[in-house]
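Trainee: Based on these hints, arrange chains F, R, G, C, Z, P and E on the given structure of chain D.
Protein chains in written order, with numbering that gives the first Met the number 0: chain D, 0 to 233; chain F, 0 to 233; chain R, 0 to 233; chain G, 0 to 233; chain C, 0 to 233; chain Z, 0 to 233; chain P, 0 to 233; chain E, 0 to 233.
Warning: the hint list may mix true and false statements.
[Stated by the list, open to error] If you want a taste of the chain C side facing chain E, the calculated C-beta under 7 Å gives, among others:
| id | residue |
| --- | --- |
| 1 | 86 |
| 2 | 89 |
| 3 | 132 |
| 4 | 158 |
| 5 | 161 |
| 6 | 182 |
| 7 | 183 |
| 8 | 194 |
| 9 | 195 |
| 10 | 198 |
[Claimed, not checked] A few chain R positions that, by computed beta-carbon distances, are all more than 10 Å from chain C:
| id | residue |
| --- | --- |
| 11 | 35 |
| 12 | 73 |
| 13 | 122 |
| 14 | 128 |
| 15 | 135 |
In short, the hints are calculated from the structure, not lab data. Backbone N, C-alpha and C define an ideal beta-carbon position, used for all residues, glycine too.
8 protein chains.
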Amino acid sequence: MPETPGYVDLGFARVDADRRRRCGFPEVIYCERKTPGEVAAIARVVLERDGVLLATRASRAHYEAVVEEEKGAIFHERACCVTCEHVPLPRLTGRVAVVCAGTSDLPVAEEAAVTLELLGSTVERIADVGVAGIHRLLGERDRLEACVVIIVVAGMEGALPSAVAGLVSKPVIAVPTSVGYGASFGGLAALLGMLNSCGSGVTVVNIDNGFGAAYAAATINRLMSANAGTSSAP
Amino acid sequence: MPETPGYVDLGFARVDADRRRRCGFPEVIYCERKTPGEVAAIARVVLERDGVLLATRASRAHYEAVVEEEKGAIFHERACCVTCEHVPLPRLTGRVAVVCAGTSDLPVAEEAAVTLELLGSTVERIADVGVAGIHRLLGERDRLEACVVIIVVAGMEGALPSAVAGLVSKPVIAVPTSVGYGASFGGLAALLGMLNSCGSGVTVVNIDNGFGAAYAAATINRLMSANAGTSSAP
Amino acid sequence: MPETPGYVDLGFARVDADRRRRCGFPEVIYCERKTPGEVAAIARVVLERDGVLLATRASRAHYEAVVEEEKGAIFHERACCVTCEHVPLPRLTGRVAVVCAGTSDLPVAEEAAVTLELLGSTVERIADVGVAGIHRLLGERDRLEACVVIIVVAGMEGALPSAVAGLVSKPVIAVPTSVGYGASFGGLAALLGMLNSCGSGVTVVNIDNGFGAAYAAATINRLMSANAGTSSAP
Amino acid sequence: MPETPGYVDLGFARVDADRRRRCGFPEVIYCERKTPGEVAAIARVVLERDGVLLATRASRAHYEAVVEEEKGAIFHERACCVTCEHVPLPRLTGRVAVVCAGTSDLPVAEEAAVTLELLGSTVERIADVGVAGIHRLLGERDRLEACVVIIVVAGMEGALPSAVAGLVSKPVIAVPTSVGYGASFGGLAALLGMLNSCGSGVTVVNIDNGFGAAYAAATINRLMSANAGTSSAP
Amino acid sequence: MPETPGYVDLGFARVDADRRRRCGFPEVIYCERKTPGEVAAIARVVLERDGVLLATRASRAHYEAVVEEEKGAIFHERACCVTCEHVPLPRLTGRVAVVCAGTSDLPVAEEAAVTLELLGSTVERIADVGVAGIHRLLGERDRLEACVVIIVVAGMEGALPSAVAGLVSKPVIAVPTSVGYGASFGGLAALLGMLNSCGSGVTVVNIDNGFGAAYAAATINRLMSANAGTSSAP
Amino acid sequence: MPETPGYVDLGFARVDADRRRRCGFPEVIYCERKTPGEVAAIARVVLERDGVLLATRASRAHYEAVVEEEKGAIFHERACCVTCEHVPLPRLTGRVAVVCAGTSDLPVAEEAAVTLELLGSTVERIADVGVAGIHRLLGERDRLEACVVIIVVAGMEGALPSAVAGLVSKPVIAVPTSVGYGASFGGLAALLGMLNSCGSGVTVVNIDNGFGAAYAAATINRLMSANAGTSSAP
Amino acid sequence: MPETPGYVDLGFARVDADRRRRCGFPEVIYCERKTPGEVAAIARVVLERDGVLLATRASRAHYEAVVEEEKGAIFHERACCVTCEHVPLPRLTGRVAVVCAGTSDLPVAEEAAVTLELLGSTVERIADVGVAGIHRLLGERDRLEACVVIIVVAGMEGALPSAVAGLVSKPVIAVPTSVGYGASFGGLAALLGMLNSCGSGVTVVNIDNGFGAAYAAATINRLMSANAGTSSAP
Amino acid sequence: MPETPGYVDLGFARVDADRRRRCGFPEVIYCERKTPGEVAAIARVVLERDGVLLATRASRAHYEAVVEEEKGAIFHERACCVTCEHVPLPRLTGRVAVVCAGTSDLPVAEEAAVTLELLGSTVERIADVGVAGIHRLLGERDRLEACVVIIVVAGMEGALPSAVAGLVSKPVIAVPTSVGYGASFGGLAALLGMLNSCGSGVTVVNIDNGFGAAYAAATINRLMSANAGTSSAP
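Just chain D, same shape as in the assembly:
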């Protein structure tokens, strides 16, 4: 397997071997439209170099191809993720909240939670606190404020991040989901709602992109932890 400086060339893929040094975390495998064989091959390279694996949007078939070689691989069914931790990443000091508006948003929230845990964060899960019953959210204010970052997952009109951002002083990362029907247009309504949030400082990721929100949150948490004198860092 030839290794050009900076990446490992598998022909169909160039595994970014330099990524952890540059960006702080090793490469993550996005499984959609990749064959199980391709995912397993990339997984092997990643584990050899970095000792830790995260594969998102994985089907059971992807998992089975990976676990055949790496016995320690785990399949997170609801989150559709495969993880493997030979050499776990450094633990970070802050907690990250993963809040979701409704039960139907849980798969996206779980993708975020699994990603966060693998990247070293402790996760605070808070489910089903949509704005139509705002008292369910208000009671959680202290638990939210105690976190370093808050990820808010919501479909339909995507109103929850605005309400959360108005309650706390921490960064809020919003994840629109494709939950809804009719004029939700596959999550477009929630996406536009979050981009137009009247809550200052809400930032947004792609529809159903729990991974992206978690990665961003982990980056912030690592900043904090580094500052606090702990591990991690590029």
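Mentor: Same frame as chain D, but now just chains F, R, G, C, Z, P and E:
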């Protein structure tokens, strides 16, 4: 001026002379793309038949053409409406709330309020209670619950109707506004947000259509009043 | 099963135990993307507290999970709803019309009708009166005017609510459906048509959202009934 | 001025000199984004060859450039058209109806009417018969049925063509207009409404394209007239 | 089976019994989202009253339900239509061309052709003459000009109607198809192309709506035939 | 001026007096669609309570109304912001980079920079490093890595955040701008590009929303600073 | 099989027999929505006349119908193409690069590569060099510059063509792919990104249209080769 | 003025001093949203280094700022370009055709022509040959085939590139324009039409982007010329 049964034909317009009998309220003039002269001519027919006038989306020029002939006409500047009440419509018993999310939504809210008042309702105005400072809304719950219908006017992500609908037992009519920028796309974000509201039973009108919401609310209020033994009705 | 004041926490869901007091009706279960087990668990809590159940967008599998524990549960196949009435909600005095433009719109109309009946209203069903044969509608004017609220369900160009609103004095709630092809874009054409209705006071709900229209209509009907000295109320 | 077989080359334009032979009517000038001088130059060529001129989307400046050379040119202000008839086109035997939904749609209707008259048709103008007062339309059924083709001009939800098509046996050509606001999106709502019409056989032209509808109607009328033993035709 | 004046009420459908008198052709059944049983029931009423049946968007299951009772019913597989002609409609004198741009557009073209034939027109089929090989079209000019109306079916960029309209003097009705991929967005590209056609007088129907184009063409052809002293008409 | 607990009620606005306690920063005034008088009145309340003012999307007229009463107010012309610092907010320890792709993106970048400085951050400005000349970006890697957060402002295809995110280990907040023409559709192309970024962990704000990105960055920077033992925090 | 001058008429298709003379390459078969039998029939005509076959978007069923008659036909599975070269097209002198951003873009890249090879070009394949790890691209600059044309295939935000265009002096043809999720909207994000590329001179083809890009590249390569004194050309 | 290796840093802009070496042509200035002073400052740097200037989307004010310092600067009014050629770029051997569909497309065509001439190509201008009069195009086939590349500029339905691509063997670059109204949606119809062209090998640039098409064409022409033994090259 020929009068075919059911309408008065002005050539460029057929004034619906039968509307009040059928629908409970006389015809309302929508001024956009009509000349001041056309509006004044229609206004004369409406006032002669029904004794009460509402013209929406009116400019000052429209008003001036109307007031020249009808001295009692009034221009509501913020609402862009002209009204004239020779024979006021019957007073209705219930109150209607007009709630708006931000100061910038006031012109649309005023169009709703002016329409409601002309159609016989008492209006409860509640301004600037957007979800980013949810405590401002929670304090108004009793005032809202005391109304027959609640009109909620909001731009940006349009989240306010969901929060209101979760607090009260009254019908909520949502009006998206074109307030916002970038990906609000002229009110599309707020419109989609409201259509996808997780608050049960929220109904929606067109962007910036304060008049439409008010007309629907008046229809409901008249039902109530009729039931309570009062006036109005077809 | 812990009960925080105001809701029952099932981990994956927080059942809003306070909703009937605040909003007048108990919580309704939206089944899409929930597992049969989750729906059954929520159903149990709802029935225990409120004695009456409505689950929408339910598949037969959802129904079977519910009926296993609640023998009285009924599956409404065309409407895709599950209902169970241990303690029926108070009967309301007014009738609500559910009008639909074509035979293909019937499933959405049935979702509205089932919801209305559970929430205590008597339903007047009027099918297949689209504007392309306007005489079919004109003959129903008196039946429509005798109702408290009129729900109009239509796909394609969504023109029926405008025609109905021009005939009667009652509130009209329009439900666009995804019936159509080509440039109907999944109901977008009907939705835009209804939002731009030239019929004053038409309000609109999301595409295929028969439930939402019915809930709003029930809220109005309850207002009336309360006023008339009957039951219900927050 | 060089004349290649089939067209006259003005450098910035190639006037289609063969069009009347091929298509039955001479070339029509679309003025938008053309300078007054360019329009006048093309007008001269067209009048020299065919003796009759129609220029659409013309401003007063375009008219003035044309009339300077062609004294007989006429400016139709509401329709924004310039016409000149040195050698009028053959009169056609059938009448064409131009129906519009509201007063605001008149400019588009006038573009259609002016075009039809120049192309030899007699026009039946019927204004302000929108579906919100359907009785205004029903009274015109016989007048409509007596025409060869019916052009229906409407903005907002664009519902009128469906209602007309359900009443008569003649071809209906629908013209959506940009009249409306908010979610009319510049006429998109009316356009989609008309394309999804439940009225069989409605055909549609571009938003605000009164000319296109009239041209199509004239083509049909000419067919009829030719058949009836009269003039015209290629 | 109750018969209110003007329609036959089947509960789930109101068959428009007056349509042939008003519009010249009997009601056509649109099968999508109707059950085979519903289609068969409506078919029986239509055949009883008018002796001729057209059902579009029919599956084989729809056909089988119909043919069980009406032995003479025929299934047109490519066109997805069911027809039955106990009392054929009057033959019309003119020919109608059905032109299509590519082989993939044939199903839509066949829906148009089957409709035209049932409604009494003779059809001229011309396949695969897209603008990328314009010589294939030019050779057909005389055959096209000999028809009364020309239906042009095209997907992808939808350019063919413009080219045809520039060659002949007859009405051109354009049918965009959903043939294409990527940025054709289900036929939107072809639809917009046709609406913006530089060919004067092109009118357009919904995406894949071969039936609508044929119905409009038949209406025009009947005008002609009526004029020529033949049959048909209301 | 009445003061309900938690906000100051000006009639047309409710100034959120509790915001700094809850969210860490005082309320910011969004000037669009507010009159100069309204902005000045809100500004007075904010300055009285919190001693520091930021008004965004301000015109010179807004500034003049503010400065009449608050002599220390400053107008930032390129950024369209008004600031006033009687009691400056606590200085934060980290630097924030504001990177922009082209010269035309500078106004949005300046809105971000002015906001950041007012909220206590030191700003590192890096202009005109778009991906079409990637060497201009590569040379800035160390300067970027030395910051706590990186704001990337870009129009057109919005590709710069992906490239930046691949180079550094810090959180990247992307701001799409409306710079571009044709199919940029007012910034939609850049917005979609950024939401679909292949760079892990990029989060996005609304089109042209420099303020929102800066507010989010300041929230992160405050976390860090708090952690490092310094000032600020709720 | 009749042969009108310029094409062979199969009834359902007119095979453009003149295309190679006019355009330099024989007709290519687009298989989607064609039956295996239709594809095989067209293939026979093309091979008889030109000795070389390319069928794109082919399923295995299409291949099997072709290979039954033409033993030399080959199925390229990843590219979904069928080729057959009885008389190979002239070899061209230049190389064409096919670069792709990620492993998931490979099927589209392969459609391009197979097309290029059949049309006589030598292909340089470069996979997985997306902008999130820009060092992987920079190392390939010389290999890219040595080609005549560069095809860049990318999904998600479609940023790669801008980066490539900034590195080399050769024409860049961009192919957006439908790879991505959420707000990629089936490749729309990548398409808009590429159309708005800040890299001068990037041209774009339809989403997933590897064939189109390859055909354009081959046309350019043939120009070069012709110029260099070699074969090909019309 | 500091010069970092590879670019000249003006603070608000980094002029890419290395571009000609890498990409073959010097940097071009895009004037929109830049002040006249900024454009003049960048122009000075570009002229000093490369001796040749092209500024697109320039207003007269931009020109005046440039010409004050560079006496030889020329303003191309229709094309909105400023050019200055102290050291003209090498002449290329091939001709490039710039074809446009209608007179209204001329400004975009001129932007392309001015760019081509500055970059060393000879231009063949062919105006007003839209597909509605296809004979105007057919007569130009030989002139088109004699060019190296063909740029086709068209608005409305954007059908011309397909017709041209079917006639010749040369690369066709399509430029959609914003000419049109109603459902042209600012050029979207033409853009989608061109992307879905049935003419093989058509590539497309952004709406109204005459410059981009010309730059791509020049790149191809330079390839040819280099090959033919002439000048240019990186």
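Trainee: Of all the hints numbered above, which does this structure not satisfy? Sort the numbers upward.
Mentor: 1, 2, 14 and 15
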